[in-house]
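Below, each chain spelled out in residue letters.
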Amino acid sequence: MVILLNENYHVCTGCALLCDDIEVVIDANVITEIKTACRKGVSRMKGCNDPMSPTVEGQQVDIDVAIGAAADILKNSESPLIFGLGNSTDGAQKKAIELAKHIGAILDDTSSFCQGPTLEAIFNDKIKSCTLDDVRNKADVIVYWGADPSNSHPRHLSKFSYFPRGQERQRGWEEDRTMISIDIRKSHTAKISGDKFHQIPLQADEEFIDALIDALSGKVPKVPFEYDPKRILELANIMKNARFGIIFVGLGLVYSLDNMDPIVKLMDKLNELSNFHLIPMVGHYNMRGFNQNLFNETGHLNRVKFEKGNNTKVQHGAEFSIVESLNEKKVDAALIIGSDPLSSLPRAVADHLLNIPIITIDPCETFTSRKAKVTIPSALSGVECGGSAIRMDGEEVMFEPIIETTTLSDEEILTRIMEAL
Amino acid sequence: MANAMEIYQLLPKTNCKECGKSTCMAFAVSLLSRELTVDDCPPLKDDKFKANYKKLSDMIVPAEGASESGMIVHEDKCFGCGNCVVACPVNVAEDSLGAGIGRAPTSDKVILRVEDGIVRTSNVHDCRRFGENKILCNGCIVTCPTEAIEFV
Ligand code: SF4
Ligand code: SF4
Ligand code: SF4
Chain A
0 MVILLNENYH VCTGCALLCD DIEVVIDANV ITEIKTACRK GVSRMKGCND
50 PMSPTVEGQQ VDIDVAIGAA ADILKNSESP LIFGLGNSTD GAQKKAIELA
100 KHIGAILDDT SSFCQGPTLE AIFNDKIKSC TLDDVRNKAD VIVYWGADPS
150 NSHPRHLSKF SYFPRGQERQ RGWEEDRTMI SIDIRKSHTA KISGDKFHQI
200 PLQADEEFID ALIDALSGKV PKVPFEYDPK RILELANIMK NARFGIIFVG
250 LGLVYSLDNM DPIVKLMDKL NELSNFHLIP MVGHYNMRGF NQNLFNETGH
300 LNRVKFEKGN NTKVQHGAEF SIVESLNEKK VDAALIIGSD PLSSLPRAVA
350 DHLLNIPIIT IDPCETFTSR KAKVTIPSAL SGVECGGSAI RMDGEEVMFE
400 PIIETTTLSD EEILTRIMEA L
Chain B
0 MANAMEIYQL LPKTNCKECG KSTCMAFAVS LLSRELTVDD CPPLKDDKFK
50 ANYKKLSDMI VPAEGASESG MIVHEDKCFG CGNCVVACPV NVAEDSLGAG
100 IGRAPTSDKV ILRVEDGIVR TSNVHDCRRF GENKILCNGC IVTCPTEAIE
150 FV
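Protein chains in written order, with numbering that gives the first Met the number 0: chain A, 0 to 420; chain B, 0 to 151.
Any given hint might turn out to be false.
[As the list claims (entries may be wrong)] Derived CB-CB ranges, DEER-like:
no., chain 1, residue 1, chain 2, residue 2, range
1, A, Glu225, B, Lys108, 46 to 52 Å
2, A, Asp63, B, Thr145, 45 to 51 Å
3, A, Gln59, B, Lys76, 36 to 42 Å
4, A, Glu403, B, Ser32, 51 to 57 Å
[Said to hold, decoys possible] Below, in silico cross-link-like pairs of lysine-lysine (DSSO-like), each with a Cα-Cα straight-line distance of 30 Å or less:
no., chain 1, residue 1, chain 2, residue 2
5, A, Lys127, A, Lys190
6, A, Lys190, B, Lys133
7, A, Lys195, B, Lys76
8, B, Lys108, A, Lys34
9, B, Lys108, A, Lys137
10, A, Lys45, B, Lys108
11, B, Lys76, A, Lys185
12, B, Lys53, A, Lys190
13, A, Lys221, A, Lys264
14, A, Lys229, A, Lys74
15, A, Lys190, B, Lys54
16, B, Lys76, A, Lys34
17, A, Lys329, A, Lys74
18, B, Lys53, A, Lys185
19, A, Lys45, B, Lys76
20, A, Lys185, B, Lys54
21, B, Lys20, B, Lys44
22, A, Lys190, B, Lys76
23, A, Lys195, A, Lys221
Hints were generated in silico from the structure; no laboratory data involved.
Note that CB positions come from ideal geometry on N, CA and C, so glycine has one too.
Please put together the full structure from these sequences, using the hints given.
Structure follows, in structure tokens:
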């Protein structure tokens with residue numbers, strides 16, 4: 000299903016919820032009022048505090064010069080890395096894949112150290128998923144596990160999961176829905192779930208899953224930490240009796256597991272007894288789009304290496320993740336698009352980035368852009384340029400630019416770099 | 000929302016009665032109901048209570064900031080999640096196909112809406128806590144993750 004825009008509404012690209020009911024007031028090509036978006040969305044739509052300028056070696060240059068310099072770096076690179084793209088449109092992502100093929104680059108995004116495994120399991124039909132509209136219309140048991148949408152996706156509860164009325168949930172949250180939160184701390188989201196909050200120790204998710212599976216199987220659940228088995232049984236009971244259950248998997252859960260097996264096991268058990276779905280709490284507005292686009296093209300959703308001059312050959316594996324390729328010093332130049340790896344990666348990993356030429360394409364200055372050899376400012380997507388993106392549940396959302404700009408979009412910049420090659 | 004105990008902890012706790020109340024706890028309760036203001040406690044002006052005075056002043060928004068229904072929005076705490084907008088029974092009744100299903104409000108009659116990332120109020124007369132048939136509705140209080148809504 001493609002979600003088309005109501006003509007009065009705009010789409011917020013503040014997170015992968017892609018809220019499509021935002022009204023704005025524009026005065027002289029400046030957004031002066033934003034209705035219905037949360038504070039996070041407002042701050043995205045208001046634009047950067049520190050807009051980036053086109054530079055080469057720290058000197059301000061004409062945009063064409065910056066694009067030329069970027070092409071030169073990529074031309075001279077034996078093994079370039081292209082990274083980011085979670086904040087780019089589908090169009091820009093497809094262009095980046097094309098560029099990666101052309102120059103034989105390693106291509107990866109943040110999913111390799113966040114929601115990648117969850118999405119992979121969904122793409123390969125190992126886990127049953129559904130859309131957020133299904134959740135709104137049908138879900139009666141909603142579980143947030145290792146996720147705090149009140150901070151990461153502020154409108155998650157109000158727009159889709161707990162509070163809205165839906166076709167089969169006419170009586171709303173008070174009577175028709177149960178919300179559960181499982182986390183290591185009492186987050187803002189956990190607070191809303193009241194006595195349905197389960198606080199577990201750090202790194203104990205797998206044990207808690209096992210205990211829950213035992214409880215679902217009618218055994219007495221046991222965990223190696225202090226926890227009232229009655230509460231686990233009670234949780235199992237609620238989940239077993241769900242007519243339409245949904246687990247929203249946050250990074251807290253993904254980070255504490257070595258692989259997806261425990262989640263797959265839990266989902267299988269739940270679906271023997273009831274009807275459960277899973278949606279990953281994807282952060283950046285189009286991270287899922289990147290994974291989907293690359294998957295459609297190569298069968299892999301991240302961590303690939305293309306072979307120069309051979310369009311069809313692609314390698315895939317952990318060694319091509321940004322972390323490993325930097326650790327192993329496998330790359331000699333980096334093109335970073337709409338991402339800030341120098342602040343999101345551990346220092347030891349990021350260090351190698353500082354030794355190689357970096358090109359950044361971004362609307363705003365970032366820690367990474369300040370260390371870059373070439374910086375190319377791009378239009379703020381969703382605000383200054385339109386396109387399409389994939390919401391966290393896999394639905395495609397189209398959007399138009401809200402204000403006009405002469406700044407090039409990511410897609411246009413990548414096209415120009417390709418041409419300059 | 001602050002409670003009387005939290006307020007009490009920040010008071011001089013000497014029961015000096017200078018505020019006209021018999022105990023500091025009683026003064027805390029009057030602060031909470033906005034019967035008295037932080038400035039009604041003279042010892043709080045003392046330098047050694049400077050930090051507490053500041054904290055209390057931030058905590059207790061003056062009653063003038065409250066709407067007629069007694070609602071106070073702590074704008075600094077609100078991040079525009081819209082939980083209260085979608086949960087408010089009046090919003091649901093007036094705008095069942097907008098706010099009621101989680102979407103942008105489409106009716107002028109809603110009490111709560113989010114603008115520029117912060118909740119705004121209108122039609123407060125229709126709030127269920129107001130008027131002759133008032134009830135102790137707490138839809139917007141219990142659904143707020145950050146306790147940004149308070150009634151006095
Ligand atoms: S929840 Fe996300 S998409 Fe929706 S308004 Fe907030 S930042 Fe924007
Ligand atoms: S008290 Fe009830 S009716 Fe009044 S604004 Fe809050 S939720 Fe709405
Ligand atoms: S629930 Fe609280 S944080 Fe959310 S919009 Fe309402 S007042 Fe603001």
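Tested hints:
1. A:Glu225 / B:Lys108: 46 to 52 Å: holds, 51 Å
2. A:Asp63 / B:Thr145: 45 to 51 Å: At roughly 48 Å between Cβ atoms, B:Thr145 and A:Asp63 fall inside 45 to 51 Å, so the hint holds.
3. A:Gln59 / B:Lys76: 36 to 42 Å: holds, 41 Å
4. A:Glu403 / B:Ser32: 51 to 57 Å: holds, 53 Å
5. A:Lys127 / A:Lys190: Since the Cα atoms of A:Lys127 and A:Lys190 sit roughly 28 Å apart, the hinted pair holds (cutoff 30 Å).
6. A:Lys190 / B:Lys133: holds, 27 Å
7. A:Lys195 / B:Lys76: holds, 24 Å
8. B:Lys108 / A:Lys34: holds, 16 Å
9. B:Lys108 / A:Lys137: Holds - the C-alpha atoms of A:Lys137 and B:Lys108 are around 27 Å apart, at most 30 Å.
10. A:Lys45 / B:Lys108: holds, 28 Å
11. B:Lys76 / A:Lys185: holds, 17 Å
12. B:Lys53 / A:Lys190: holds, 27 Å
13. A:Lys221 / A:Lys264: Distance of about 17 Å is within 30 Å: holds.
14. A:Lys229 / A:Lys74: violated, 63 Å
15. A:Lys190 / B:Lys54: Holds, at roughly 24 Å.
16. B:Lys76 / A:Lys34: Holds: B:Lys76 and A:Lys34 sit about 18 Å apart, inside 30 Å.
17. A:Lys329 / A:Lys74: holds, 17 Å
18. B:Lys53 / A:Lys185: holds, 28 Å
19. A:Lys45 / B:Lys76: Given pair A:Lys45, B:Lys76 holds - Cα atoms ~20 Å apart, limit 30 Å.
20. A:Lys185 / B:Lys54: holds, 24 Å
21. B:Lys20 / B:Lys44: Answer holds: B:Lys20 to B:Lys44 is near 17 Å, not above 30 Å.
22. A:Lys190 / B:Lys76: holds, 15 Å
23. A:Lys195 / A:Lys221: holds, 19 Å
Hint compliance for this structure: hint 14 alone is broken.
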